[in-house]
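Q: Now for the letters of each chain:
Protein chains: 2
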Amino acid sequence: MDLEEKQIRKIYVYRGRILNVRNDDAQLSNGKIVSREVVEHIGGVCVLPVTENGDVIFVKQYRYPYEETILELPAGKLDPGEEPFHGAVRELHEETGVVGDTYYELGADYPSPGYTDEVIHLYAATGLKDVGQKLDEDEFLDVVKIPYEKALEMCYTGELTDSKTLILLLKYKLMEQSGRLTPMEESK
Amino acid sequence: MDLEEKQIRKIYVYRGRILNVRNDDAQLSNGKIVSREVVEHIGGVCVLPVTENGDVIFVKQYRYPYEETILELPAGKLDPGEEPFHGAVRELHEETGVVGDTYYELGADYPSPGYTDEVIHLYAATGLKDVGQKLDEDEFLDVVKIPYEKALEMCYTGELTDSKTLILLLKYKLMEQSGRLTPMEESK
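Chains as they are written, first to last, in numbering that gives the first Met the number 0: chain A, 0 to 187; chain B, 0 to 187.
Hints may be right or wrong, so weigh each one.
Which copy is meant is left open, so a pair is good if it fits within one copy or across any two.
[What the hints assert, rightly or not] Derived lysine-lysine pairs resembling DSSO-like cross-links, with alpha carbons at most 30 angstroms apart:
1) 172 to 59
2) 5 to 76
3) 59 to 133
4) 172 to 149
5) 5 to 172
It is worth saying that the hints were derived from the structure and are not from the lab.
Please read all numbers here as calculations on a predicted model, not as lab measurements.
Bound conformation, chain A alone (with noise of 0.2 angstroms):
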């Protein structure tokens, strides 16, 4: 079956500050022209902070979308241009006060594809060492740590909501366990 879908015509009907939304027409594969609704976003990423003793460095943040504090990996947009593995250093470092000396690629996901054009690159850190955090004026968090086979249960429980989170955790433990890890060159 052809799936593809033509651009016809991009529409901006919103510029903001995290976000542009178009509503753009496009042609489906049997000529029809409909409307397609995309939120552009600049992109993100978030590392899977693990100690020495296992537990995992969480943030809790307020969400404005929710209403809801909730327990998230420490995460972030990329800076305009900024590489994905750069923003991923720098915003563990930024929120949590930590760097890693072994780092693990992870892939990244797309976190709605039917609406949103982001895509969250994931990684894990190993070899922590605190070198003070630095938060952006007006960000405000905590920094939680939790052992890693309680934040699987809360995996499980429904306690832990986050995509980018639930992603990381589940993946690192499952490729752990059937030998599938391997760092990455340049932080090796």
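Position chain B relative to chain A; hints supplied.
A: Below, chain B without anything else, positioned relative to chain A:
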């Protein structure tokens, strides 16, 4: 630390077909007023269908925001007022033509909590029976069966990118391993 942000003014900047966008004024715990961009979405469902012989049923779809055809588990938006489990059974049936005799509730995820309020409800289905696909007009997709172990491999290599798909495949596997899967009452 007081992490909460107070909504001061709710300001709609776009009202669309599958999403609305706000650029609210919010007050931080330090008293400062900031902008908060929010994408409002009705919420979604996703189902991991596992066949008798251990295959996973995927759908292959063009995703306009990425200009890419990707593999995802069957999923979709909730109808207004629809109960999530009902939506999950409906989408599984419409997209793949199967219904399950046993369902598992696997929590929910927040795809990108920095800017969207979408909640994706997650399920698995076994004991599948083919009753015929019911695609929406203008919905184009291919149904693809992949052995579970091969699908996990595609999580590890980065071939699968959709967040809800990754979470379900990884979470179901780990919960099965640790004897934590319990069928839903209504599906027994």
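Q: So, for every hint listed, does it hold in this structure?
A: Tested hints:
1. 172 to 59: Both: 22 angstroms inside a chain and 27 angstroms across chains, each within 30 angstroms.
2. 5 to 76: For residue 5 and residue 76, the Cα distance is within 30 angstroms both inside one copy (29 angstroms) and across copies (23 angstroms).
3. 59 to 133: within (16 angstroms within a copy, 42 angstroms between copies)
4. 172 to 149: both (13 angstroms within a copy, 17 angstroms between copies)
5. 5 to 172: neither (40 angstroms within a copy, 37 angstroms between copies)
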